[in-house]
Structures are given as C-alpha cells and as structure tokens.
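Taken in order, these protein sequences are the chains called C and L. Going by our numbering, the first residue of the first sequence is number 27, and it counts up by one from there. Going by our numbering, the first residue of the second sequence is number 8, and it counts up by one from there.
Read the hints as simulated data drawn from the structure, not as lab findings. Watch out, some of these pointers could steer you wrong.
[As the list claims (entries may be wrong)] Chain C is faced by these chain L residues, among others (derived, beta-carbon under 7 Å): (1) Glu33; (2) Met77; (3) Ala106.
What you are looking at is a predicted structure, and each value in this text was computed from that prediction instead of being measured. Ideal placement from N, C-alpha and C gives every residue a C-beta, glycine not left out.
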Amino acid sequence: MNSYVLIFIIVGYLLLLFGIAFWAEKKAKNSWVNNPYVYTLSLAVYCSAWTYYGSVGIAATSGVSFLTTYMGPVIAFPVWIVVLKKIIKISKQHKVSSIADFISLRYGNDRFLGALVTVICVLGVVPYISLQLKAVSETFGIISNNPINSSGTIFKDSTFYIAVLLAVFAAFFGTRTTDATRRRQGIVFSVAVESVIKLVFFLGVGGYVTYFLFDGTTDIYNQIVISEDFETLTTFDSLESGINWYFMIALSFLAIFLLPRQFHVSVIENTNKKHLKNAIWMFPLYLLLFNVFVIFIAWGGKLRLEDTANPDYYSLLLPLQNGDVSLAILVFLGGFSAVISMVVVSTLALSTMLSNNLIIPYGFLDKFSRSRPKRNANYIKNIRRIAIFSLILGAYFFYINFNIELSLFSIGQLSFVVIAQLAPSFFIGLFWNRGSSIAAKVGIITGTLVTTYTLILPFVLDAIFGDMNFIVYGPFQNELLRPYALFGIDFLNPVTHAFFWSIFFNSLLYLGVSLSFKGNYRERNYAEMFVDSNYNSLQENAFVWKGEAYVSDIRKALNRFLGEQRTERALNLFYQKYDLPKNAKKADARLINFSEKLLTGSIGSASSRILIASVVKEQPVSLIEVLEILEENKETISTNKFLKQKSDKLIQLTSELKKVNEELKHHDKLKDEFLDTVAHELKTPITSIRAASEVLLDNQDMSDELRVQFLDNIVDDSERLTTLIHNILDLEKLASGREMLDKKINNLNHTIEKAISGVHTIAEKKNIKIIMTEMQSVFSVRYDEDRIHQVLTNLLSNAIKFVEEKKGIVKISSKKIKNYIRISIEDNGKGIPAEDMKYIFDKFYQSKNQNVKKPVGSGFGLAISKQIIEGHNGRIWADENYKTGARFIIEIPD
Amino acid sequence: MILRKKIANIKEEILNKKKILIVDDEPNIVMSLEYTFKKNNYEVFIARDGSEAIEILKTQIPDIVLLDIMMPNVDGYQTLEHIRSDASTKNIKVVFLTAKNKVSDIEKGLALGVDKYLTKPFSIKKIMTEIDELIT
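This is chain L alone, in the form it adopts within the complex (with noise of 0.2 Å):
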C-alpha cells in the first residue's frame, strides 16, 4: 500500500512535473538556474543558443522557456519570433532573462510577445517567484 502509494505519489509528481527550457550562452550562469530548478521538481532542458533551443523544441513542448537574448548565431529575438510563429509551441511562456535593459530592447521584447522580461543580474529566488506566477 505505502509502495503503491508511493509510486502514484511518483506518478502524479511524473506528471505535475513542469518543464522548462534554459537558453544561455554561459554555462556558469545556466549551472546555477538548473540546479535550483532542478530542486523545484522542474523537469529541465539545456540549449545554448537559439539553434539548439529549436531543436529540442521540436520534441518537447516545455511549459516555460527561459531565454537569453544575447547568443552567438541565433538569438533571443529570434528563437522567440520561431516559437511564436510555430502553432505547436505558440502558447508556450517566454521569460526573457537577459543583460539588456534598455526600454527599447524590453519593448522589442514585448513587441514580440515574450511573457515576461527579467534582467540579469538576478535573484534566483526573484526568478522562481516569478516563473511560478507565471506559469499557475
């Protein structure tokens, strides 16, 4: 029974479990975020840049993405332009979390249809209040 009960506890927590894409360039930065999402019961996927962050949204549809804006190759903007034009993965949450903050690069941002737009440096706490908000 406690076994039984256990494995639905899994099972539910299995299916509860949301997912989040991380894309960042730095892999210092995306160590930490993974980690404390990771404890949060977030089930997490790494790409980065925008061309990785394409590919693994082409078999996962994650519940939030987390996207830097300045990448080699494909960037920020782009990758969300791709996951707004896309109908399987247009209603998916996009935070910026980026280094830019100018107002004309959140409105940029916002003109593209991101969720939410946090700056870097950050408070990984800010951060997970803030996806949590977003995404219940």
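Next up, chain C with everything else stripped away, as it sits in the complex (with noise of 0.2 Å):
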C-alpha cells in the first residue's frame, strides 16, 4: 500500500481521535465519560505495542513466557486495589502529581528524591517509548511494503513525523491547566476508546487466524503438536526457567503500580474511588481477553509464514499474506492505537515529572517568584510542553540508535527492572514509618547501578561494539563480577538475573540505611501520614510547618502561580471551614500548610515546600518539639486510646485519694471523738469521787447508811477508773507490739467455760442464757490463755450488752477446719448497723446502737481484741450476712 494512503490513513484516525478527546472534555462531568468502565479500559493502556505484536512474538520463540507480563497484573490486583487505595487517598489529599512527587512527599518533600525518581523514570519509560516508535516503524514499513530506511535522514523516515504528530497531541491536551492533578477527561476518555480499539482488532485477527486461515484452535493444535520444538514451547524445561518465570511475574507485579503512566491512570486520573470495585474484575478479564488468541497466533504464523518472517508481527503478516490487506490496516490501526495511549500517558506524566520535580525546583523557582501569575503558568506550561516533545524525539533517537537491534521484549523488560528500583522505597515506605530519606536515595541508586552494571552495560557493549568478551569472561578476567553471573548465578536470564541482584542490593540497603538513620522531624511526620493513611493530620493541621508567616506574603506566593482568582477563592474556602478570621496578618500553620499543598498540584511538592520556605520564617525545631510532633502525630486512634486509658486511670486514682482522704478524715474524726469520750470517761469517774468525797467532808452528820454508800460509790469509781487507764495501756502495748504473748498448749473448750463463768453472774442478773454449741472433744491449741480468755469475755460480754433481757440467747461454738481454729459468738440482738460493720474494730469506736444507757466499755473491747488474734496470726470479723443478731468469728491458726 502506497505509504501516503497510510500516512492519511493515521492523519485521520488522529483526528478522529483528537475529535474524541475534545467531546469529552467539554462533557467532563458526563456519565459517558465519567464512570468505572473508562477507569478500567484506561487502566489497560498497560497494554502497549508490545503486548499487542511483542507477545505473539515471544509465544511464538520462547513459549508461555509471554504470559508473565499479564500473570503479574491478574495475580496482584486484589493486592492492587488494597494498596491503590490508600495510594489514592493520599495522594488526593496532598495534591500529587506523579509518582515522583509520591515518593519525595512519603521522605518529607525531598527535593533530590523527587528528581532521582523522576530521573530513573526518565531512564525507564524513553527506552520503553522507542519500543513504540519501533513498533510504528516497523508496522508501518510492512503495510507500506517499504522496507525500513535507516540510513535515510529523518525528515524521510514517516516515524518521525508520526512521532512529532504524537508529541503535538499529548502536549495539546496534558498542559491545557497548569494544575497537574486536574482531571484530563479528553486524554482519557480517548485513552479507554483506544483500548476497546486494540481490544477489538486483536480479537478480530485472532479470530480471523484461528477460524478463517485454520479451522478453529483444535485444528492450529493439532498442526503446531508435530512441530519439532512444540515440548520447548509449551512447558518449563527446568527449574531455572521456572524461576525465570516467577520473577517475571513479580517484575511485572511491580510495573501496575510503578510504571508512570500506570500510577498517571490509575491513581491521579482516578475520580472516583468507588471506580476500583469495578476494576478489580474488569481489568483482570481485559487482560485475559487480550491474551486468548496470542498463542494460535503465533502457532499459525509459524505454521504458515517462512522462518525468516519477525515473529514479532504475525498478527499483521498472516492477513497480508492472505491478501486482506484492509484487516491489515485496521490491526496496523489497533497497534497505533496501543502506541498512541502508551505514549501520550507515559510522556505526560513524564513532563509532568520534570517539570515539577526537576527543572522548577532546580533552576526556575527563583524566577518564578518573581514573575507574574499568567506569565508563570505559561512558563510551566511551555517546560511541560518541551519536556513532552524532547522525550518523544529523545525515544526516537533512542530507536534510530539502539533499538533497530533489539526486540520488543526484551527492552520493554529492561524499562520494567530499571523502574523497578522505585519498589521498595515506594512499597515498604508505604507501610514501615522508618524508611528515610537517605536510605530511599541509597537504595534506588545502588539497584540502578547494578542495573546498569548487569543489564544495561553488556547490553549496549554487546548492541553497539558486538563486544561479548566482558559478557563471557567478567571484567579483569574476573568470573564472580560476570555481568549476567555475577556472584556465580549463572541459571538466570539476564534480565531476571539484573532484578533479582539490583533488588536484592537496593532493598538490603534501604532496610540498613533506614534502620541506621533517622530521618528529620518532617521527613517522620510524612512518614507517619504515609503508612497510617486514616491518620487525620494529613488535613490542614499538620504540624509540619513551625515558624510563622504573612498572611500577605503568602497570599503573594499564591497569586503567582494561582493567579488572584483562584487564590481567594481557595482562600475564602479554606477561611470558611476552618471558620478563621479573614483580616488575620498572621498565618497559622494550617493556612500554610494548605498553601503548601495547594500549590504542590502547579509546581510539585519540593518546589512548593521551597516556595513555602522562602515566605516562612522558620524556626529550629528543638528536640523535645520533635518528641511532641511526633506524639501528636502517631496514631491519632491509638493515642486517644492511650490517653483515654490514662485518664481512665487517673479518674480512678483521684477517687481512690478521694476515698483514702475520706477514711483518714474519718480517722481523725474518730480520734477526736476517741480522745473526747477518753477524757470524758477519765472525768466522770473522777468527778464522782471528788463530789462524794466534798459531801462526806461536809456533812459529818449523815447517816451511817448513806455515808458506806457514798463511800461504796467512791471506791467503784475507782475501780472503774483503774480499769479504763489500764485497757488504754493494754492496747497501746498490743499495738506497738511490746506486749509479748504467752502462747502455750491450752485446752480451747477449758478457757472457753472459764470466760463463760466470768460473764455468768452479769447474765444471769439479766435472764439471759449462754449456750455453748458444737463443742467437739477437747482439743488443744497453742495460744495465750489470759489474752484469749479476755478476748472471749470481751465478746461476750459486748453480746450480754447487746441483747435484750429476758429474751437474750447468746451462742458460743468452737470447731477445728484444715489447720485453724475457728470460734463463733453470736448473739439474737439488735446486730451491728451496715454503716458500723467498717469501723467496729477501730479503736475509737463505739457504737451508738447499745441497749444500755452508757456503754459499759469505752470503745476498746474489739480493738483489743483483734490486736491479741492477731497477734495469733489469726483473724476477727464480724459475719455481714447473719442478720438475726450479731455473730463474731475469731479464726486462729492450730
């Protein structure tokens, strides 16, 4: 076919598609073009030129392999869809523009790290572009039956132009706005058409091979099964292929999250998060689909085709062989249209990268800030332009150099293992808060360093000087350090190989730096936000910015790059819910952070935070300041939790002090009363004999009768005084431990009688009865008779004083359980009152509730004697749950 028919051809499918592109941007909001299924089929511009002819190619030389590129993808994209949400939740709320700007705001806006990434993508995807122009070239050279002119200068070779017509397209409609996180309905929409357009053509000569030059897949099968290398095709020959293949689809694995143009659709054009739920089986099942008539395609042109024929291009030669040259075309159209999508994505994101995380933060900043607002984002606007036109020249230069000689696999996998190196900064930064700055740096340079080392170097040695001797013998001789065997791994394919060691060494780097280094307080903040994604200060409130600012300055910064519309009116809004005042001078760091961000979508983070910089004062961040940010931040859920714990605790501590203040006042209280009824009770006895004494004294005249009576009274109330100093002694010795006992072998039931006798005649004056129950055979027990005695006395003594006369049983028993001894005193009086039962045995006691007029004892009985039971490591209570009366229980040990 005339090769100016074609070029008309792919004018006007450009044109078509520009049409497309534009219809969808006016209707943005459109549910056409806003809804799950465009997500999904953008998400398929993973499917470039080399899957669409390179796996035919490979299914047809090196068998299942193909199946790696797509096994990786299916396989993790349940994983997938967990991670990329949290990806796009962050990267929503931080304004990111690429995957550059991702990873330098996960290490606190590195400004090198933004531009190392964005180089080793640079370095990644311009390879991986040629591949595509290679593809164009060549397809074009086969439909246009011209042969491929290499030698010819470029303004003859139609690729070129091709590629120029590529570069104008995306550059028209990646830079329409200045704000990198807008939405670019047009590029995708156009995006998702193309990949139902690839979708159907490789169907349609999928099924035009299998159905129509064969008579369905059991036919191709039964041919290709007596070829002679049909075994190699189909199965593992060995273990090492199999950890080829393995690797392959981990490579792959990584790729859906790390390509450019993958993290470009998926995350940053993604625009609603509920579209995932339908990706997560549509996207799975495109890739099935595409991938159904590969291996009967590449069994047919093998079939068919003469050996020499590019495997790679089957798909176009079988129908042009057949004469059906407008199916060629419309595969030939299928494959653009791959190239299309791939390229224009892959170098918007790419410009966007480099613009903003590249030449802004280190050559234009400066001048920026100078300029004014239209100005600047017409700047911004024209590097991003330039940077899509020089990396679409530069992939073609690229081609016209390298690529004639390679295949399209094989460099598609070299761009795979060099963006790998971003995997493990990027996936363990996202979920381990230590990974630094500087281990990130270490790492994805030392991996591309080995990358370059076992992949790219023998490669360009090998493609440009058919230099293989460094390859076969290692440099210096040196078998270990052989580029494709290095350390004596010699069962791996190169590419896997150059994975396998630059991840090995970039991830082991990342992990030691990272666990040797901290990074700087913002660096960790970031962190934080980044691996606790629900975390809520990736607001506005972040304490990232310390230092102060002008309202007015920032404002500044904002117009020039905003322009002064957009300024207030985020300003406004920003005022509005955070409900702050709008004539503040001061800017607070929420209004800073918030201009930070808002300006991250313009010029990338690590310019905006520079721009940032240079209008906020700063100050140093003392150490302790560092520990507060970083305990603010942690785990905003987890410190609540802590701190509820805490006051959970402390609340129960004061109402613990509460209690323990209230018991000690109550002490003291009962003190007091204590020392008031010692005295009064030292007084009374006193005051009656002094009163009887001054009547006997004076009245010498009284009768016989009523003088022994005075006297009588003269000497009890001696007596009674004798006793009260005594018990007070008694128990001040119990207490203090200086009374020492005289524990012996005594018969229990013996003292007990003998207590019993001592209260007998008091109880017998009342009409009271004294029961002894439950009294075993003697036994004996080794304690202090005489303390014993006055304990058993005592309580007796208090039931005699408790019960009513006439009517009072009072009940003693003694039985022996385990290894105590256990006595029972109860009584069928009036009981000790619930609000007593606490304070019965405190020496200050007495109770109110006692049926005589005048308490017999002053309060010392039960003191007493549990200070004598314990003294007998035994215990005294009184049983709160016998409610007929009182009952006492005094436990010793045997």
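Build the complex from these two chains, which are given one at a time in their own frames, with help from the hints.
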C-alpha cells in the first residue's frame, strides 16, 4: 500500500481521536465520560505495542513466557486495589501529581529524591517509548511495503512525523491547565476508546487466524503439535526457567504500580474511588481477553509464514499473506492505538515530573517567584510542552540508534527492571514508618547502578560494539563479576538476574540505612501520615510547619502561580472551612500547609515546599518539640486510646485518693471522738469521786447508811478509773507490739468455759442464756490463755450488752477446720448497723446502738481483741450476712 | 401559836422551795448533787437522760435545770433546744454541767441559750454558789 495513503489514514485516525478527546473534555461531568468502565479501560494503557505485537513474538519463540507480563497484574490485582486505595487517598489529600511527587512527599518532600525518581522514570520509560516508535515504524514499513530505511535522514522517515504528531497530541491535551492534579478527561477518554479499539482489532485478527485461516483451535493445535520444538514452547524445561518465570511475574506486578503511566491513570486520573470496585474484575478480564488468541496467532504464524518473518508481526503478516490488506490496516490501527495511548500518557506523566520535580525546583523557582501569575502559568505549560517533545524525540533518537537491533520484548523488560528500582522505597515506605529519605536515595541509586552493570552495560556493549568478552569473561577476567552471572548465579536469564541482584541490593541498603539513620522530623511526620493514611493530620492541621508567616506574603506566593481569582477563591473556602477571621495578619500552620498543598499541584511538592519556605520564617525545631510532634502525630486513635486509659486511670486514682482521704478524715474524726470519750470517761469517775468526797467531808452528820453508800461509790469509781487506764495502756502495748504473747498449749474448751463463768453472774442477773454448742471433744491449741480469755470475755459481754433482758440468747461454738480453729459467738440482739460494720474494730469506735444507757466499755474491747487475735496470726471479723443479731468469728491457726 | 408558826414556816418553806431538775446519766454523780441540793432546801427532780427530762418538764416547771451534755438517746444540746422552744419552759434557767470543756462546746452551748456553763470535775460548793447566784 502506498505510504501516503497510510499516512493519510493515520492522520485521519488521529483527528478522530482529537475529536473524541475534545468531546470528552467538554462533557467531563457526563456519565459517559466519568464511569468505572472508562476508568478500567484507561488502566488498559498497560497493554502497549509490546503487548499487541510482542506477546505473539514471545509466544512463537519462547512459549508461555509471554503470559508473565499479564499474570503479574492479574495475580496482584486484589492486593493492588487495596494498596491503591491508600495511595489514591494520600495522593488526593496532598495533591500529588506523579509517582515522583508521591515518593518525594513520603520522604518529607525531599527535592533530590523527587528529581532522582524522575530521572529513573525517564531512564526507564524513554527506551520504552522508543519501543513503541519502533513498533509503529516497523508495522508502517510492513503495511506500506517499504523496508525500514535507517540510513536516510530523519526527515524522510515517516516515524519521525508520527512521533511529532503524537507529541502535538500529548502536548495539546496534557497541558491545558498548570495544575497537574486536574483531571484530563479528554485524554483519559481517548485512551479508553483506544483500549477498546486495540482489543477489538486484536481479537478480530485472532478470530480471523484461528477460524478463517485454520479450522479452529483444535486444527492449529493438531498441526503445531507435530512440529519439532513444540515441547519447549509449552512447558518449562527446567527449574531455572520456572524461577525466571516467577521473577518475571514479580517484575510485572511491580510495573503495574510503578510505571509512570499506570500511576497516572490509576491514581492521578481516578475520579471516584468506587470505580476500583469494578476495575477489580474488569481489568483482569481485559487482560485475559487480550491473551486468548496470542498463542494461536503465534502457532498460525509459525505454520504459515517463513522462518525469516519477524514473529512479532505475525498478526499483520498473516492477513497480508492472504491479501486481506484492509484487515491488516485495522490491525495496524489497533497497534497504533496501543502506541498512542502509551506514548501520550507516559510523556504526560513524565513531563509533569520533569517540570515539577526536576526543572522547576532546580532552576526556575527563583524566577517564578518574582514573575506575574499569567506568565508563570505559561512558563510552566511551556516547560511541560517542551518536555513532552523532548521525551518523544529523545525516544525517537534512542530508537534510531539502538532499537533496530533489539526485540520489543527485551527493551520492555529492561524498562521494567529500571522502574522496579522504585519498589523498595515505594512499597516499604508505604507500610513502614522508619524508611528514611537517605535510605531511599541510597537504595535507588545502588539498584540502578547494579541494573546498569548487569543489564544495560552488557546490552550496550553487545549492541554497539559487538563486544562479548565482557559478558563471557567478566571485567579483568574475574568470573564472579560476570555481568550476567554475578557472584556465580548463572542460571537466571539476564533480565531476571539483573532484577534479582538490583532489588536485592536496593532493598538491603534501604532497610539497612533506614535502621541506621533516622530522618528529620518533617520526614518522620510524613512517614507517619503515609503509613497510617487514616491519620487526621493529613488535613491542613498537620504540624509540619513551625514558624511564622504573613498572610500577605503567602497570598502573594499563591497569586503568582494560581492567579488572583483562584487564590481568593481557595482562601475564602479555607477560611470558611476553619471558621477563621479573614483579616488575620499572621498565617497559622494550617494556612501554610494548605497553601503548600495548593501550590503542589502546579509546581510539585518539592518546589512548593521551597517556595513556602521562602515566605515562612521557619524556626529551628527542638528535640522536645520533635518528640511532641511525633507524639501528637502518632496514630491518633491509639493516642486517644492511650490518653483515655491514662485519664481513666487518673479518675480511678483520684477516686481512690478521695476514698483514702475520706477514710483518713473519718479516722481523724474518730480519733477526736475517741479522745473526747477517753477524757469524758476519765473525768466521770473523777467527778464522782470528788463530789462524793466533798459531800462526806462537809456533812459529818449524815447517816451511816448513806455514808457507806457514798464510800462504796468512791470505791467503784476508783476501780472504773483503774480499768480504764489499764485498757488504754493495754491497747497501746498490743498495738505497738511491746506486749509479748505467752503462747502455750491450752485446752480451748476449758478457756471458753472459764470465759463463760466470768460473765455468768451478769448474764444471770439479766436473765440472758449463754449456750455452748457444737463443742468438739477436748482439743488443744497453742495460744496465750489470758489474752484469748480476754477476747472471749469481751465478745461475750458485748453480746450480753446488746441483747434484750430476759429474751437474750448468746451462743458460743468452736470447731477445727483444716489447720485452724474457728470460734463463733452469736447473739439475738439488734445486730450491727451496716454503716458501723467497717469501723467496729477501730479502737476509737463506740457503737451508738447499745441497749444500756451508757456504754460500759469505752470503745476498746474489739480493738484490743483484734490486736490479740492478730498477734496469734489469726483473724477476727463480724459476719455481715448474719441478720438475726451479731455474729463474731475468730480464726486462729492450729 | 408555836405550831401555827411552825406550820406557817413550813408553808413558807414549801412555797419558797426552789425546784431543780438534775439531768445526768451517771448515778454516782447525781447522788452527790441530789444530797447537797436537798440539804440546801431544794426540791430535786432526777432524769437519767434528755427524754426523761422532757417527760418531767411536762408536769413540773423547775427554777433551774442542771444538764449534762453527753448522754445516750437525747443529749444535753437537744434537751436545751427543747426547753427553749417550748413556751412553758423557755424561761427556765439552764446550766450545763459537763466534762466537755472545749471552746467550741462552750460556744455551742451559749449559742443555744444556756445560762451558765460549768465543767466537770467540779466543786459542789462552787456549784451551789453559782446556782444561788443565778436564781436570786
């Protein structure tokens, strides 16, 4: 076919795409444009010309290997969605515009890191783009029947013009606004359309080969099965190739995240997180469909075409061989669609990175900050346009110089390995907050150097100089350093080998350096935000900025890049959201952060950080503040939990303190009352004695009978006084431990009987019964008899004191339980009021519930008893559950 | 004539006889007080606590009440309050005779309207003079 006609068709097709893109841009909100299907189809930008043509080539030459490129994404998809949700969330909040932005932001807006990632992406993607151009060029040659003319000037090469057209398309739709985070519905929609076209045409040619040229799949299979190399094409011949297979899957798994174009369509162009739900099954389905006919086209080509035919282009050559030129053109257009979408999206993503992460922060920022907004916007746009053209032209020259010799597949894999160097910093950094910026840089650079040594260098030497010595013998004849068999690992294919070693060193250094060097506070703050994306300080109130700035300065900075209108609008919204006064002169941390984020979209995070830094007088942050920041920033939820626990504990402590305080107060009060009682009790007999003595003295004439009565009273009161003093001293002795107990083996029954007979007279007088129950046969226990007698007497006389005359019954019992003796004394009196229960053993306590008019004791009895029993290592308590009177229980060890 | 005079004397004595109510839960102390007051021509009523005192006051209006504070059931303060709240008894002179001698106790007593505050242990003679002073 005439190449001018073909050019005409190509231009027509491109115009159609222009039209579609325009239409979609206009209808950006329309559900036709903004739906999960478009999102999923835009993800299919993954299927480039490499897929379209290369898979068939691989299937024809190396069998099932071609599947790895799709197995990775399919296997990884569920994981991908989960991780992607997090990535999208973070990216939206921080107005991330590219993977370089994303990584640099994770490590504290590190300018160098952003630039480094950009360079890696350019290194990885430019050969990839050149691969696309190569595909276009070669397929163009096949269709137009013009052998590739590599010796002519570029101006005679149609590929050059096609490249220029692609650049125009990308530049036109990719740089309509300066804010790189704005959606580009036009491009996304055209990519989706192209995805449909490439799939339909590829399936078309697959069907054509399988059912038209052959009699269905069985027919092809029956024919190919008799060919000699069939076995090697369908099985793994060894463990090594299995390992290769495995690594290739891993590689493509990483690629689906890290390829700038994938990051762009899946993250930056995502309009609605819900779209992921559909993508999770539709995208694997798409990949599956794409691979249905690959193997049959490959086999068909092997069967029908000569050995010299390039297996990459079987899908074109087969229809051409049969004279179906129009079908071949459709297949060409399908491939061309794959190329366009890949090139456009890739250059778009790369140009954003180049401008925001490399060119602006390293060169133009100064200039921008002095210039006017409109000119700034134009500058930025122009930088991106120039970047797009440079990238495509760069790829074109790469193709002219290298690619002609190389297969599509190997260049694609090389790209993947280079891009994969971002994986450790990207993935580990997403889940491990210790990953530091310096570690990311060291890892990426080392990984890239290893890749260069093990893959790119031998590649270039081989391709340009035809020098195989280096590969076969290694540098300085050192076998261990052979680039394809580093350290003796010689069973992997070069790509897998390079992938293995580069990622190995990359990850190792990343982890090692991260563990050895902590990042600065800013870095750690961002790390915290990325690792826990639910973390709230992702909002404007993150404490990343410490310093002060004037609102007017910030406004000026914003004006320069956003224009006054947008700045006003954004600030108004901000003030409304946080309900802040508009006339504040000093900017608070939230405003500073908000502005930084606002600028990030236009000039990248690193640049915006620098720009804001120029207007904010940042103060050095002290270690303590860093700790505070970290403390504050650590998972809010957990902090809250912790705080809540703390405050619960505090509340508990407070209430305990309160209780103790109350008890102390109560004790204090009891002590006062006790002293009052003691004083009262001491004064009473003294008063009585003094009064009686006075009466006797003044009335010599009184009758003898009366005199005896008064004298009796004096004697009684003297005794009372003695007992009282004795008790006080006794208690004091017991409490201070100065009293030694005279413990001997005694008969308990005997002691109880003795105690009963001691109170017998009083009980009889009041007609109160004392009953001994449950007495066991004689048993002997070690105790101080006098003291235990005192206790029993005390409890018995208490009981007598509290029961009603005539009706009162006091029971005393004792028994042996395990290794202690239990004595119980109960009565049928009023019982112990619940409120008194706690205090009855306090030495200052006197029950108000006594049945006699005046307490006989003075609040010492139980206190002394308790001291005595505790001196025997036993316990004494009142049974709270005994309701029909009082029951005291004594336990002393056997 | 002598008899008449004697009768008149007795009559006068009876009419002039002062009445005192002693409220204390310590029988031995009460005994000394009772003996001394009777000897000094007082008609003496005895109560062992506040409730008994209030009971007696329903039928007798003594000239003076000698009141202990620390007693079971109804204490001296409560008894005083009762005396001061009842129209028939509110003008009776009341003397606290107590072992409580803290300033706060005395203040409390005076605030409740006690006429004199005497502390235990006491001299009987002093009690007599203080009370004579109070009712003449």
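Please flag the earlier hints that this structure goes against, numbers listed from lowest up.
Violated: none.
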